[in-house]
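Novice: For reference, the chains in residue letters:
Number of protein chains: 2
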Amino acid sequence: MDEVIADVMPNFLNQYEFKFGRRPDKEEYEGSKVFDIEGAGDLWDNLHQKGFFSDLPVMTDSQKVLIELHKRFDIYIVSAAMEFRNSFEDKYDWLQKHFPFIYWKNMVFCGKKEIIYADWLIDDHVKNLENFKGTGLLYTASHNVFERRFERVNNWKEIHQYFKDK
Amino acid sequence: MDEVIADVMPNFLNQYEFKFGRRPDKEEYEGSKVFDIEGAGDLWDNLHQKGFFSDLPVMTDSQKVLIELHKRFDIYIVSAAMEFRNSFEDKYDWLQKHFPFIYWKNMVFCGKKEIIYADWLIDDHVKNLENFKGTGLLYTASHNVFERRFERVNNWKEIHQYFKDK
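Taken in sequence, the protein lines are chains A and B.
The first sequence begins at 1 in the numbering used here and counts up by one.
The second sequence begins at 1 in the numbering used here and counts up by one.
Simulated from the structure, these hints should not be mistaken for laboratory data.
The structure displayed is predicted, hence computed values, not measured ones.
A virtual CB, placed ideally from N, CA and C, is assigned to each residue, including glycine.
Every clue listed holds true.
Here are some, though not all, of the chain A residues that point toward chain B, as calculated from beta-carbon distances under 8 Å:
hint: 1; residue: 76
hint: 2; residue: 83
hint: 3; residue: 85
hint: 4; residue: 92
hint: 5; residue: 110
hint: 6; residue: 116
hint: 7; residue: 118
hint: 8; residue: 133
Model the full structure from these sequences, guided by the hints.
Specialist: Here's what the structure looks like:
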């Protein structure tokens with residue numbers, strides 16, 4: 001969900017700017033996370049606040065590509081939400097609002113994603129793909145740009161292309 | 001979760017009594033659900049209310065048996081909670097309170113359980129066991145007493161016994 005269909009980066013960057021009075025350079029958080037920048041660790045705490053996940057922008061093209069794939073595949077939205085008790089309602093409402101064609105039967109909030117059984121998993125986190133039994137696709141995010149172990153998709157147009165003949 | 005580690009029946013029976021002024025006989029809901037009794041369909045709506053899942057009694061022996069099994073197995077609590085948006089926080093808090101040894105990484109809220117990958121699934125619903133890839137154990141509940149297709153466990157002592165040599 002986050003960094004694949006929901007764009008959390010603007011929120012992190014806004015919070016950094018609010019704290020430090022400037023936008024961080026991309027080089028400062030490439031290969032890691034915004035809250036890994038020295039001194040910015042407490043930005044992580046904001047993830048536990050109600051509302052953080054409620055107004056995230058939708059990732060470009062994710063809606064129209066998922067509507068398309070939804071006709072041919074049984075699509076699940078799986079979010080590692082369990083670390084953030086206050087995110088559940090925000091995430092659920094966000095999905096209902098932006099992806100109304102995804103029925104509640106096909107939503108999952110979990111912790112470790114190794115419990116998930118599916119043919120493909122599109123994820124920005126290598127740790128989630130490492131133990132996945134199907135085929136993992138790494139969705140490009142600032143924190144994974146130096147990763148080489150998984151097939152990479154850079155945007156939803158590439159996902160559309162990947163599944164064209166599947 | 002419900003009817004396996006969380007005992008929802010007392011809540012249903014209380015609500016029926018509140019509405020009809022009497023406790024229903026077991027024969028009235030055996031093989032089905034309390035809200036399937038004629039005229040009681042709107043009791044189902046209570047599942048959507050905040051608080052319904054917050055004070056459920058813990059199923060007898062489930063804590064001590066799970067603490068024991070937790071030493072030898074990677075235990076996940078998987079709840080088909082997605083139908084009930086207002087249940088998430090109640091269910092999460094209930095689990096933290098009564099099963100604090102189950103880490104958030106091992107909790108799952110989902111819709112269809114066929115997305116779950118595990119060796120065993122203990123569930124009161126046949127529909128969840130039907131599409132499960134591992135071994136399903138049917139936990140006895142009033143609504144499944146006439147079911148014959150799955151190995152049955154009647155209580156947590158029997159679950160303890162079942163996994164003794166596994």
